[in-house]
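S.K.: Each chain is listed here by its residues.
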Amino acid sequence: MYKPLSVDQFKEVQGRIINNTIGAINNGQIDPYEAYYNQIPSMEIFGNIIPLEDDGYGTPLKYQYDGLKNDAFYQGNTDWTEMIRNKNARTSQANVTLNGGTDNSNLAFNFNAFDQDGLYINNNLKRYSGRLSFDSDITERLSTGASLSYSYSAMKHGQQMFAEGLTKPWLVRPDIEPYDSNGKFTTIDGTSIYGAPVALASPLAQLNNKGNNAMHQFLGSAYAAYKVFEGFKLHGDISVSSYNADASIFSPTYAVDDFSIFGSTLYATLNANTSKNSNTSLNFRADYDWKKNGHQLYAMAGIGFDRYKSLGDSHSYEEFPDDEILIDPGSAARINYFTYYRADQGLNSIYSRLSYKFQDRYLAEANFRTDESSKFGPGNKRAYFPALSLGWRIDKESFMQTTDWVNDLKLRLSWGNTGSTNISNFLYRQFFVRNSNDLWGGSPAIVLDANLPNRDVKWEKTREYNAGLDFSLFNNRFTGSFDVYDRYTSGALAPAPAPLEAGTTQYYANIIDMSNKGFELELAYDILRKQDFTWNLGFNIARNKNKIEKLNGANINQYQADSYLEGYPAGTLKGYIVDKIFDSQEEIDALNQSSPTGYYQNSATGIGDYKYKDSNGDGVININDREVIATAQPKYFGGIYNRIKYKNLNFSFVFQYSKGAKAILDDFQNSLFGSMGQSLNKDIYDNMWSENNPEARFAKITFYDPAGNSRSSDRLVYETSFLRLKNVNLSYTLPKELTDSWKIGQITVFASGSNLWTITKWPGLDPEFVGTYISTAVSSNDAYPMSKTYSFGVKATF
Amino acid sequence: MKTTYLGLFLAGTLSLSSCSIVGDIDDIKPYYKMETDNVVYNAESAEAVLRGVYKSWRTFNVSTFRPYMSILSGISSSKGGGLTGGQEFVTNSLQANNIALSNIYQGTYLTINTANNLIFLMERGDAKGMSEQRVKEVIAACKVHRALAHFQILRHFGYFFDLNSPYGIVLRDRPFQGTETAARANVQDSYTFILDDLDYAISNAVPSSTQHYYVTQMTAKALKAKVLLHMGKMAEAEKIAKEVIIAADNQGYALENDFRTLFINGYESKEALFATYTNGNLETVSDLVSRTTYSEYTRRLADALSGTETDGDLTSGQGYDHRFWVMFGPNTIGALGNGKYPYASNGPGKHNTQMILRLGEIYLVHAEAAARNNNYVAARESLQIMASRAGYPNNYASTWNDNELVSLIFKHKTLELFSENGEDWFDFVRYYKAGDLPLTEIKNTIKTESQLVLPIPQAALAGNRELEPNPL
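Those protein sequences? They're chains A and B, same order as listed.
As numbered in the numbering used here, residues 3 to 800 make up the first sequence, in order.
As numbered in the numbering used here, residues 420 to 891 make up the second sequence, in order.
Among these hints, one or two may not hold up.
With the C-beta cut set under 10 Å, the calculated list includes, among others, these residues of chain B facing chain A [unchecked claim]:
#1 594
#2 670
#3 700
#4 804
#5 811
The set of hints was computed from the structure by calculation and includes no laboratory data.
Every value quoted in this text rests on a predicted model; they were computed, and no experiment measured them.
C-beta atoms are modelled at their ideal positions from N, C-alpha and C, and glycine is treated no differently.
Using the sequences and the accompanying hints, generate a full structural model.
M.R.: Here is the structure:
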């Protein structure tokens, strides 16, 4: 959790911003005519600002800052992050499992109930699920089985994501009391951002939105296997799953920002959406097994059909007679917009396998499959994926028989091909559509669909070579495996730059050819191996080197496509390199003099602002000076595992680590923008430029950042490396004599905790929670922190 | 053995019939989407796509950033300051990755691509049963939109003030099939393309429309006058503007008598040559006008034009230009902080329109072109009409010397069209290029000529290798 600024620190920041801004006006770095309408009115809310010189027509050219206004601040001392936190979020869970059967059949039933409070107030998730399954050998040749499961979950929440800017909880000014004298939520004045007294909902009020999500999930599957003759089997299975969800969020008038000062009326709103998805999968295959004199042959061939159907809608309603009860769609005055969609997709597959084993020593396997996807256009629907693997159990060789410290040694080699279709349907076609606001003069209009068609979009294919070694030594006390791989993905599907002249940016293509090379090493050792006392230590480390080898697309200007850069990993961030913080006006003047545009950076640059590096040496700072300042790729990552067992006591813990990835923290950019009336990120507060702190990491903060100090730069980039105690588990099984006497099978009491302890230099909420997509992997907006959880429980079997 | 065969038979039947249960992969079809081959099939479907072309002017990308150009010129001030990408407009230090730039570029080309799609379908004869004349009218309407959009892009991103410059814009005359790209045409060819579209529309568009949110021959002609003015073809600009002024009455266009009524009537005003239709919750337009206000330069201009330079009283309006007072006087300023936008921005009913082209502007286009052609009588006549509506005396134009007229017209046009389309910025650039204004006249953050053209957006450069950026 961030540590917010105290009231005094917050006040000090307001004074610093005013002081810096007035300094910039007085030095001519901010146009006084601009400042008169833009900066001065907002700063006057907080500080006493005295005009000094005047241009003769009434506009001041210089000012003096004469301290903060006392009445600009409130008497509160509120830690908003604490206000909205659910201090001890409780989770409870109950599980019942019944198993039974006869010689020919098995039956299992499982029921689970789960109730979890969220990390923030007004947040709760309940889930109930049940599963029923049976298997039966109907005749000697025919066996069948089926399973059905159903789950229902209901989530109540105040708000799903933090708002930007002024109402991010740790940036809300601490001097405001959360409630007014009537017990109502106080609002936050947005004048300094909006130029008018907009009343913003506080983080506490925002969490009083009424969100309800419900999800019904059904999974059913059945199979039948028929033995035609010894070694030859037919197998068929079908599975059906469906997910139906309803979600709505009602925002009462006291939980939304009030812009009525701008002539819009403040209304409560209700957003509701539903979705229905089903997935049907059908498979038939034949297996053949043959064995003779140490030769072992297995052959399989099958076909599969997958169909996915989805439909859904959403509605947004406005103006309700009431904030608490009449908040259903039927009570709304109007509808704001509505959407509807329906889509099908499908995949047909043919697959086969042939494997051969000789004396359990030499193994060879060939796989071949071909898939046909509905997502691609004519000629591109089908793809073929062959694979081959070889194995050698070295320990089975006669020359190894004398080395008895080797229990197991196996060498694996493989070559394989896989494919991916991870895009939406029909992106190869140009559609014309209509949305609810596509109207003109009250009549419906038809518009171009936002997707620019790619007629050639096709399967993304990956070729992989893999070599591995598994071993088990010293009476199986020391085990491990080592794998190296080399993957090459051709035509990875991703959003690609499109000609903006098409009027859209939505374009998907097989844009990237990339390689992934790396290794994985896993080792485990039994430190103690006694009757009543065992201790197993495990360790793994992995390294993956991802590299964009080539960008496909004849029209792409690769230098301008920021997210993808040849020779770099996918997911790079370009930004400015900070040379230093300016400490001399002469230096700035000289740089401006020699710039072709009259400015090295811009007109507002002054002492205390960043000096960005002129990477291309043209004398002017612009986007062409940006270099790669972060990539999301760690140098290595892995975990450390410990399992200790002493008599009936079990103790285990897991560490995870990752080293070398970098990202930019968006929150810092927000703070460097210098909004008045907003608190600052503590890290910035502790290390920002002032005359007394010229060696600071962060530049001076000026109202609305006219000098551009909040641009993406290497000063805002941090390693996301971490070492984290991910899991600790302690359990105790009651002595058998005791439970036997109670006529109970077994009773175990347990306690566990997760995410208990982390070492990281990442200043954001959670180094593990930096974005996951290519475009967001190098920046973090701190959506939601990971929770520390502690749980205690009892497990009984009968 | 019997069960073996039975089993095989069952398995075989099942797997065969499964094909028919789940079906062929080619049977999977999109729902509720039309395509090039069926979207236009009769007259009404063609009209629906045409409405889609119109609707593109209301999209977020083109409508939201309209106030920005006046911030660039210093005529507007950013109020507060949280305008997305707005700070670089304030400091005239635009970077190619400014989000506002790519939005304007992309959004304006959307109009072009939508119009090109419909032109293609109309020319192919897809609108079965539509009269030949109406087909031409629909194509003509599309060409007005295409011309207007190309013109906007040329003014924002091209060297529109220099007919000899190679830095025109990418011209599009057919729908995108995929990612086929093109290089920038030179400025002369860009203008020729725009004028060709307008000439087609002048010959073929509907002569008039009672609904002023539809374009007509008059719209095309008025736009042509404005384009010619930008080209510096003053003789033609004067002639065409005059033709528009003379013909307006017969085609249902006329100046409003009262400046304020013009904006209360909005898209229903007879002065509007093209304005966006806005009504209710669904036909809304996003605008940041409430986040901007006048600058000190504009206030002084409004003060100086009426009475002395320092006698303005915003409460009574005394000593201020009437139009400025309508916009910012306490009785008419309204909640959005600008009297040209009198309606609420949400809820039911009529909303604020975006006045894309109106007759009042054409009077000033005529006045400027005439003055530059030394036709001072004609120039004074048109200027006087606009000045009279703004409350200036009936002999106002005649109190100024001939050599003062060009700069006087600039001032009136600035106040007349303030916070509509950023016209003040383009006029500033034109006047500077014509040698009528120094570079630092308005805003002291404008230091070099390279600041007069917006950079080609980085996103556009990324997707089109042939696209050349503007020089520094």
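S.K.: Close enough to count: is the Cβ of residue 811 of chain B nearer than 10 Å to one in chain A?
M.R.: This interface hint is violated because 22 Å lies over the 10 Å limit.
S.K.: Should the interface hint for residue 700 of chain B be scored as holding, given a Cβ-Cβ cut-off of 10 Å against chain A?
M.R.: Status holds, d = 5 Å.
S.K.: Have a go at the residue 804 of chain B hint: is there a Cβ in chain A nearer than 10 Å to its own Cβ?
M.R.: Violated. Min distance 30 Å.
S.K.: If you take the shortest Cβ to Cβ gap from residue 670 of chain B to chain A, is it below 10 Å?
M.R.: violated, 19 Å
S.K.: Hint check: is the beta carbon of residue 594 of chain B less than 10 Å from a beta carbon of chain A?
M.R.: Interface hint status for residue 594 of chain B: holds (8 Å vs cutoff 10 Å).
Of the numbered hints stated above, those contradicted by the structure are hints 2, 4 and 5, listed in ascending order.
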